[in-house]
Structure formats: C-alpha cells, structure tokens
Amino acid sequence: MPLLQANTQVKTIEGHYTGHFKAVVTKPQNVLVMRDVACAGYVAGCNTRWFALGEDEKFSADNAANSIQARLSFNNDETDRYASMLAFPCWEGQFNSGQLDTVMSVTTRLLPWEVNNAGLHQSFPGGNEMYGIYNAELQLGQVHYGEDMKAA
Amino acid sequence: MAGFEARSFRGCGVVTSEPFEVSDDNDSLQMLTRNSQVGEFYVMAPPQVKPKGESGQHTCDIMIFDEERDAHVRIGWREALKATLCAEKDEAFLTKHGATTKMAGGGYLKDWAEEANKWADYNDATTNAYEGLNKDVRIIVARPFIEHAMHNVIMTVAGRDTGATLFGPADMQLSVS
Numbered sequence: 000m001p002l003l004q005a006n007t008q009v010k011t012i013e014g015h016y017t018g019h020f021k022a023v024v025t026k027p028q029n030v031l032v033m034r035d036v037a038c039a040g041y042v043a044g045c046n047t048r049w050f051a052l053g054e055d056e057k058f059s060a061d062n063a064a065n066s067i068q069a070r071l072s073f074n075n076d077e078t079d080r081y082a083s084m085l086a087f088p089c090w091e092g093q094f095n096s097g098q099l100d101t102v103m104s105v106t107t108r109l110l111p112w113e114v115n116n117a118g119l120h121q122s123f124p125g126g127n128e129m130y131g132i133y134n135a136e137l138q139l140g141q142v143h144y145g146e147d148m149k150a151a
Numbered sequence: 000m001a002g003f004e005a006r007s008f009r010g011c012g013v014v015t016s017e018p019f020e021v022s023d024d025n026d027s028l029q030m031l032t033r034n035s036q037v038g039e040f041y042v043m044a045p046p047q048v049k050p051k052g053e054s055g056q057h058t059c060d061i062m063i064f065d066e067e068r069d070a071h072v073r074i075g076w077r078e079a080l081k082a083t084l085c086a087e088k089d090e091a092f093l094t095k096h097g098a099t100t101k102m103a104g105g106g107y108l109k110d111w112a113e114e115a116n117k118w119a120d121y122n123d124a125t126t127n128a129y130e131g132l133n134k135d136v137r138i139i140v141a142r143p144f145i146e147h148a149m150h151n152v153i154m155t156v157a158g159r160d161t162g163a164t165l166f167g168p169a170d171m172q173l174s175v176s
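Line by line, the protein sequences give chains H and D. The opening position of the first sequence corresponds to residue 0 in numbering that gives the first Met the number 0, with each subsequent residue numbered one higher. The opening position of the second sequence corresponds to residue 0 in numbering that gives the first Met the number 0, with each subsequent residue numbered one higher.
Okay, chain H solo, but in the shape it has when bound:
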C-alpha cells in the first residue's frame, strides 16, 4: 500500500493507494522449480576446525555441543569464526554390513530405509548404540531446532 503525504509547510502531497495482486498457476505441470542451481557465496561450515576443540585447545563434549549451537545460531557475530567438523569411531565391519555406505544421519532424523527398521540409527558410525551416547553428549537433537519445515 503506497503512501503519498501532503504538508504545505514542507510542500508535500498526501495520497493512499491500495491494490490487490496475486499470481495464480492454473497448470502446475507447466512450472518447474529448480532449487540451488547456482552458488551465490559461501556462508559457513566448510573449514577444518573441530566442533569439539575449545578455545582452551582441549577436546570435550561440552565444547562440541556449544560450538554446534553457536554455528547453527550464528552466535559469534564479532569473529564470524565457527567450527565445521565432527569425528566418530567406526569399525570396517559396519561398511561390510551395508549399514553405513554412502549416506548417514547425525541428527534425530532417520534415513528413509531406517524408518521401517525399528527406527534405529543403523547408519550412524558405530551404530544405534553409539548414536545414543553421542546424541546425549553433543546434543545432536538441537540441530533441527527452529527449522523451516516448508523450506525443503
């Protein structure tokens, strides 16, 4: 609603305009939304700093949990310095079993083929039991907080 104002002391005219517009698609098959086709710039997350490594040069679960939270919330406005990396123990046997191959989930979300399998994080390095302890120690559940579910 554009606004135009008048005031003789400052030599202006006042006006109000209201309009209603809406783009309507009547044949959705004619429309193709292509997401993420070109990079417009780097934001964060692709350096080689560990989440678990604190300013005191020590590795700890608390450091990791805090650093993940800071990274996802962009808390460090002044330094713009965030960590990017996590490390997990794993045995070769997990690859041979097909549970961990080309994709894994480090959050509360399950992979599509894990949903029908008792809801276990079998793709997580070390398996479901390891997911349980890392989830609790690193607070991996916080990863999806505040996520826009419509932005998939």
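Derived by calculation from the structure, the hints in this document are not laboratory data. Relax, there's no trap hidden among the hints.
SDA-like, lysine to any residue: derived pairs with alpha carbons at most 25 Å apart: (1) D/Lys101 with H/Ser59; (2) D/Lys81 with H/Glu56; (3) H/Lys149 with D/Thr32; (4) D/Lys117 with D/Leu132.
Taking beta-carbon pairs under 10 Å as the criterion, some of the chain D residues facing chain H (in silico): (5) Met43; (6) Thr83; (7) Ala86; (8) Gly104; (9) Asn133; (10) Val140; (11) Met154; (12) Thr164; (13) Asp170; (14) Ser174.
Predicted model only: the values in this text are computed from it and were never measured. Ideal Cβ placement from N, Cα and C applies to all residues, glycine included.
Please arrange chain D on chain H, whose structure you already have, making use of the hints.
Then chain D, alone, in the frame of chain H:
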C-alpha cells in the same frame, strides 16, 4: 520470448527477479536466493598393506579442502582421534561409555579406542611395528553443516495456459492541504 533484460538461456527467456526492499532497517529480500546446507563425511582408514620404507608416518592422514583457506589441509589421525573424545584412557567420555557401548561391526568402544591409539603411535612414527595392528579401525570425519547462499530458478511455459496475475479492487485517495 525475451526477458526484461533481453537475455536468454538455451532458448528460454530469462527474467531476473529483483530484490524487495523490506524496510530501511533490514536487508532487501531476494525471493529466489536462500541459504542451503549440505553435509559430507570422509572415512579415515589406516594402511591396509604395510607401507614401504621404515616409517609409517602420516599413512593414516587425509587431506580435505578448506573452503575458508581455499586450500587442502591435512587431517592427522591423532587429531581426529582426539575429536572422537576417545583419545585418552582417562577421557571422561571414554570412561563413561567405553566398556558398556558395543559398536556395530566390531567390539566395544574401549577396544576401538585402544586399537586407534596404536595406529596413532604408528602414524606419528613413535613405533614402526605394523604387524599386530587392527586394520579394521576407522574414523569418520563429518562436516554436516556446509552452508552456501544459493540461487534458484523457476522455469515456466509462457502464456495464459500456465496461469495469470490477478488484479483485485484498487483504491486511491489524494488530498492537498
């Protein structure tokens, strides 16, 4: 069809979306640009056959790309082991979970930590004894939140068949003091 800027791409007219000015206090809003995240992981593995030469130094390390430095960076086995929180026997994480947590595809977490530490010594050239080391030890290095600003495109068939922009009632008032 030609776009507003008389550009085309492979036979399609291109119309560039202009950013909306939301207010003086906020950045303009570009509807077709958003931040997107992807994740990736690397598998660190010790040498599966005995390396030639006397020393096994750096044979467990990997090089990965650091986008902020625009360079490849070496990730050392011991450094990655520390990041798993299982490097030291008295590490709180390992003390708490090591003996009770059975890992998929292998033994308990404390067994893994013991074997991974042996590889750390071999990788640092503290010892050259290759035989007897467990070659099934792995470290997963993950970068789960790689984020970029990304442009998006909406491609449509031109014409009324696809849709239309509807105009509702409009109202204008003008006054002069």
